[in-house]
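Chains A and B, in that order, give the protein sequences.
For the first sequence, our numbering begins at 1 and goes up steadily by one.
For the second sequence, our numbering begins at 454 and goes up steadily by one.
The set of hints was computed from the structure by calculation and includes no laboratory data.
Beta carbons: idealized from backbone N, C-alpha and C, even for Gly.
Check the hints yourself; a few may be wrong.
Taking lysine to aspartate or glutamate and the DMTMM-like style, the derived pairs with C-alpha atoms no more than 25 Å apart in a straight line are [as the list claims (entries may be wrong)]:
#1 A:K55 to B:E534
#2 B:K521 to A:E23
#3 A:K54 to B:E534
#4 B:K624 to B:D471
#5 A:K350 to B:D553
#6 A:K298 to A:E343
#7 A:K55 to B:D466
#8 A:K298 to A:E347
#9 A:K229 to B:D560
#10 A:K209 to B:E576
#11 A:K298 to A:E265
#12 A:K56 to B:D467
#13 B:K521 to B:D467
#14 A:K209 to A:E234
#15 A:K298 to B:E534
#16 A:K350 to B:D618
#17 B:K561 to A:E23
#18 B:K561 to A:D255
#19 A:K295 to B:E492
#20 A:K327 to B:E576
#21 A:K327 to B:E492
#22 B:K561 to A:E266
#23 A:K269 to B:D553
#24 A:K56 to B:E534
#25 A:K350 to B:E576
#26 A:K350 to B:D649
#27 A:K350 to B:D555
Facing chain A, according to a computed beta carbon distance under 7 Å, are these residues of chain B, among others [claimed, not checked]:
#28 H480
#29 Q545
#30 H569
#31 D598
#32 A604
#33 V607
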Amino acid sequence: MSTSISLWQQCADHLQSELTPQEFNTWIRPLQVELKNESICLLAPNRFVREWVKKKYFDEIIELFKRFTQGNPPKLFLEEGTTIVSPVMVATQERPKAQSSQNFGKASDLIPDYQNNINALFNFDNFVEGKSNQLARAAATQVAQNPGVSYNPLFIYGGVGLGKTHLMHAIGNLILAERPNAKVVYLHSERFVADMVRALQSNMINEFKRFYRSVDALLIDDIQFFAGKERSQEEFFHTFNALLEGQRQVILTSDRYPKEINGVEERLKSRFGWGLTVAIEPPELETRVAILMSKAEKVGIVIPYEVAFFIAKRVRSNVRELEGALKRVMANAHFTGKEITTEFVREALKDLLALQDKLVTIENIQKTTAEYFKVKVSDLLSKRRSRSVARPRQVAMALAKELTNHSLPEIGEAFGGRDHTTVIHACRLIKELQQTNANMQEDWANLLRLLSN
Amino acid sequence: MSTQLALPLGLRDDATFDNFFLSTNQHCVSALRACASGEGYPFIYIWGQQGSGRSHLLQAACHLATQKNRSSVYVPLGTPELTPHILQNLEQMNLVCVDDIDAIAQDKQWEEALFHFYNNMRESGQTLLIAGRNPPQRLGLNLPDLVSRLAWGVVFQLHPLSDEDKLAALKLRADQRGFALTDEVGQFLLRRCPRDMIQLFALLETLDRASLQAQRKLTIPFVKTVLGV
Chain A
1 MSTSISLWQQ
11 CADHLQSELT
21 PQEFNTWIRP
31 LQVELKNESI
41 CLLAPNRFVR
51 EWVKKKYFDE
61 IIELFKRFTQ
71 GNPPKLFLEE
81 GTTIVSPVMV
91 ATQERPKAQS
101 SQNFGKASDL
111 IPDYQNNINA
121 LFNFDNFVEG
131 KSNQLARAAA
141 TQVAQNPGVS
151 YNPLFIYGGV
161 GLGKTHLMHA
171 IGNLILAERP
181 NAKVVYLHSE
191 RFVADMVRAL
201 QSNMINEFKR
211 FYRSVDALLI
221 DDIQFFAGKE
231 RSQEEFFHTF
241 NALLEGQRQV
251 ILTSDRYPKE
261 INGVEERLKS
271 RFGWGLTVAI
281 EPPELETRVA
291 ILMSKAEKVG
301 IVIPYEVAFF
311 IAKRVRSNVR
321 ELEGALKRVM
331 ANAHFTGKEI
341 TTEFVREALK
351 DLLALQDKLV
361 TIENIQKTTA
371 EYFKVKVSDL
381 LSKRRSRSVA
391 RPRQVAMALA
401 KELTNHSLPE
411 IGEAFGGRDH
421 TTVIHACRLI
431 KELQQTNANM
441 QEDWANLLRL
451 LSN
Chain B
454 MSTQLALPLG
464 LRDDATFDNF
474 FLSTNQHCVS
484 ALRACASGEG
494 YPFIYIWGQQ
504 GSGRSHLLQA
514 ACHLATQKNR
524 SSVYVPLGTP
534 ELTPHILQNL
544 EQMNLVCVDD
554 IDAIAQDKQW
564 EEALFHFYNN
574 MRESGQTLLI
584 AGRNPPQRLG
594 LNLPDLVSRL
604 AWGVVFQLHP
614 LSDEDKLAAL
624 KLRADQRGFA
634 LTDEVGQFLL
644 RRCPRDMIQL
654 FALLETLDRA
664 SLQAQRKLTI
674 PFVKTVLGV
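Chain A on its own, in the form it takes in the complex:
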């Protein structure tokens, strides 16, 4: 066996001396070797690499094999694939018995070794809390402290870049801190699908089932990507049931409320709502400032409060873009050696700020709001005062105050020449309704998301 590997090594060395480094790196280096009985199988990472190698290098590889074995080469195949069976399920090795009095944690008896994919950098300590995410955070903490017992499944939903994945990893980390032997697995839904396909191809579907049904906590991110993948949904459905029955924790995230996920079976959607469903909203200004200060501090850079405020006021859409903006500022400061001031930031983020300003105009707000409530923009500007028009108009005014720097008289003017006191009234009313009316809360959040993405 080892001779076959050294044979390939010999062959690769030869090709390396013949090809340009670029060619070698792109086409030959990614090939993996698999030994099947007496033959050698070269695995190309994808179809393109396989076809390319087949056409350009395979004949030469066969020739080299012949030469290095004095005309007695092993059979050689070139296929698409990888020797890594599954990124999550690796090797088999017994682990120490878990110390747990509850059902939770029992799965870790005699389990195969695995990769939990939990990122140690995401924990509760560095999750910046604000109004927009405190409920989700509280629920996550509860679940992490009593996995499998308190809320099962925990379903976290919200727009992109608001911290769903961060919370998930934080739960995983806390569970592992309290029960180091617990078998916690985090993965993106796409990985679940890919793993399943791979397991089916390599006749390992039973191992796949056993593995996922044996975990103590299963954390699956972005469940909306299950849409349209029926076989995976079917498999996940059974896994989900098995875990819930065994009081193992399931945590899911999605970009929308369970019932709104298209392309996912009804029975799955209804199960998603069995435990607790919590939303994460886009962070409000104060939280955005706090996030920036905390991120900067983490890398040992102090940014003045007014600078953080300046960035937070302008980058509203999500935490990822906020972080991206901060990274740019820090990169620029690093290259130029200049101090980070508001002026410096204005220059460093020039194009980004132009983009945000351009995006959120009163016209844009009117257009988006009208579309959202299915009324006409002209209705918003008209004198009509029926509820079906007045409410969207008030929402649009409140949004204009929140998202632009226009004065109240300017906003009134832009809405068909209304008085600024009308704008003030609209802002107060909408704020109140957000506290008392769940629909309004949802509409407001959706519109904010639409306007700032």
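Use these hints to put chain B onto chain A, whose structure you have.
Okay, now just chain B, sitting in the frame of chain A:
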């Protein structure tokens, strides 16, 4: 399948960092150099109009990675025969440079594939460079998950060159090809020909070949004859 084999996933030999006229883009270039060596940011997005040097820089990063003995691949998404399969398992590479992201905007399959690929690269700890004509938020992508990820890393804009810089860039390129371009001839080209760098460099190549063939120096009359202007 055979048409797909004509894919030019290879690199232009002269697309190196040394060959790139820096102008006001030196920060971006320093960051990309670090990236290619495996020492910089794990993800960078660069954008700029056509001819601003995006493809040159991505290919230069691959060349440098190769010199540093790191595996790399250059994937120009504008190539019509490409399908999202190309991204499968590419996270095994140390550096992946994805060019012309504009080409796949609003293609659901591609956008999702790129999103998953981004996640896989992040998980595997390798370096990813992506380039396009517009900043992430203005690419017209449908998948917000992808947009927010592109905007998560360091984003650089490649600034277009001023006329003065264009002249300097042409002279640098001529110099590296071993012939002299006078200010006069350079200015003539800038005044009379399309002024984006891709076309200017192409002209320069035509002129270089013509002057070699005719054994003549690059003078304005000669340039006029060759280009027919």
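Now for the hints, and whether the structure bears them out:
Restraint check for K55 of chain A and E534 of chain B: satisfied, since their Cα atoms lie roughly 17 Å apart, inside the 25 Å limit. With a C-alpha separation of about 15 Å, the suggested pair K521 of chain B and E23 of chain A falls inside the 25 Å cut-off, and the hint holds. A hinted pair counts as satisfied when its Cα atoms are at most 25 Å apart, and K54 of chain A with E534 of chain B qualifies at roughly 18 Å. Simply put, K624 of chain B and D471 of chain B have alpha-carbon atoms about 14 Å apart, close enough for the 25 Å limit, and the pair holds.
Distance hint between K350 of chain A and D553 of chain B is fulfilled; the C-alpha atoms sit about 23 Å from each other, no more than 25 Å. The hinted pair formed by K298 of chain A and E343 of chain A meets the criterion: a straight-line CA distance of about 23 Å does not exceed 25 Å. Using a Cα cut-off of 25 Å, the hinted pair K55 of chain A and D466 of chain B holds, with the two alpha carbons roughly 23 Å apart. For a cut-off of 25 Å, the pair hint linking K298 of chain A to E347 of chain A stands: about 24 Å separates their Cα positions.
For the hint linking K229 of chain A to D560 of chain B, the alpha-carbon distance of about 18 Å falls within 25 Å, and the restraint holds. The suggested pairing of K209 of chain A with E576 of chain B holds, with an alpha-carbon distance near 24 Å, which does not exceed 25 Å. Restraint check: the Cα-Cα separation between K298 of chain A and E265 of chain A comes to about 42 Å, which exceeds 25 Å; the hinted pair is violated. With a CA separation close to 23 Å, the supplied pair K56 of chain A and D467 of chain B stays within the 25 Å bound.
Taken as a hint, the K521 of chain B and D467 of chain B pair is honoured in the structure, with Cα atoms around 18 Å apart against an allowance of 25 Å. Pair hint K209 of chain A plus E234 of chain A holds up; C-alpha atoms about 12 Å apart against a cutoff of 25 Å. Distance hint between K298 of chain A and E534 of chain B is unfulfilled; the C-alpha atoms sit about 45 Å from each other, more than 25 Å. Distance restraint check for K350 of chain A and D618 of chain B: the Cα-Cα separation of roughly 22 Å lies within the 25 Å cut-off, and the hinted pair is therefore satisfied.
Taken as a hint, the K561 of chain B and E23 of chain A pair is broken in the structure, with Cα atoms around 31 Å apart against an allowance of 25 Å. A hinted pair counts as satisfied when its Cα atoms are at most 25 Å apart, and K561 of chain B with D255 of chain A qualifies at roughly 17 Å. Note on K295 of chain A and E492 of chain B: the hinted pairing holds, with a Cα-Cα distance of about 21 Å set against a maximum of 25 Å. For the hint linking K327 of chain A to E576 of chain B, the alpha-carbon distance of about 20 Å falls within 25 Å, and the restraint holds.
With a CA separation close to 16 Å, the supplied pair K327 of chain A and E492 of chain B stays within the 25 Å bound. Pair hint K561 of chain B plus E266 of chain A holds up; C-alpha atoms about 23 Å apart against a cutoff of 25 Å. With a CA separation close to 38 Å, the supplied pair K269 of chain A and D553 of chain B exceeds the 25 Å bound. The straight-line distance between the Cα atoms of K56 of chain A and E534 of chain B is roughly 18 Å, inside the 25 Å bound, and the hint therefore holds.
At roughly 31 Å between alpha-carbon atoms, K350 of chain A and E576 of chain B are farther apart than 25 Å, so this suggested pair is violated. For the given pair, K350 of chain A sits about 24 Å from D649 of chain B by alpha-carbon distance, which is consistent with the 25 Å threshold. A distance of roughly 22 Å separates the Cα atoms of K350 of chain A and D555 of chain B; the hinted pair therefore holds under the 25 Å criterion. With 7 Å as the threshold, the beta carbon of H480 of chain B comes within range of chain A, its nearest partner Cβ sitting at about 4 Å, so the hint holds.
Interface hint at Q545 of chain B: satisfied, since its Cβ lies 6 Å from the closest Cβ of chain A, which is below the 7 Å cut-off. With 7 Å as the threshold, the beta carbon of H569 of chain B comes within range of chain A, its nearest partner Cβ sitting at about 5 Å, so the hint holds. Interface hint status for D598 of chain B: upheld, as the beta-carbon distance to the closest one in chain A is roughly 5 Å, under 7 Å. Satisfaction of the interface hint for A604 of chain B is found here, the shortest Cβ-Cβ separation to chain A being roughly 5 Å, below the 7 Å cut-off.
For V607 of chain B, the suggested interface contact is upheld, since its CB lies about 5 Å from the closest CB of chain A, less than 7 Å.
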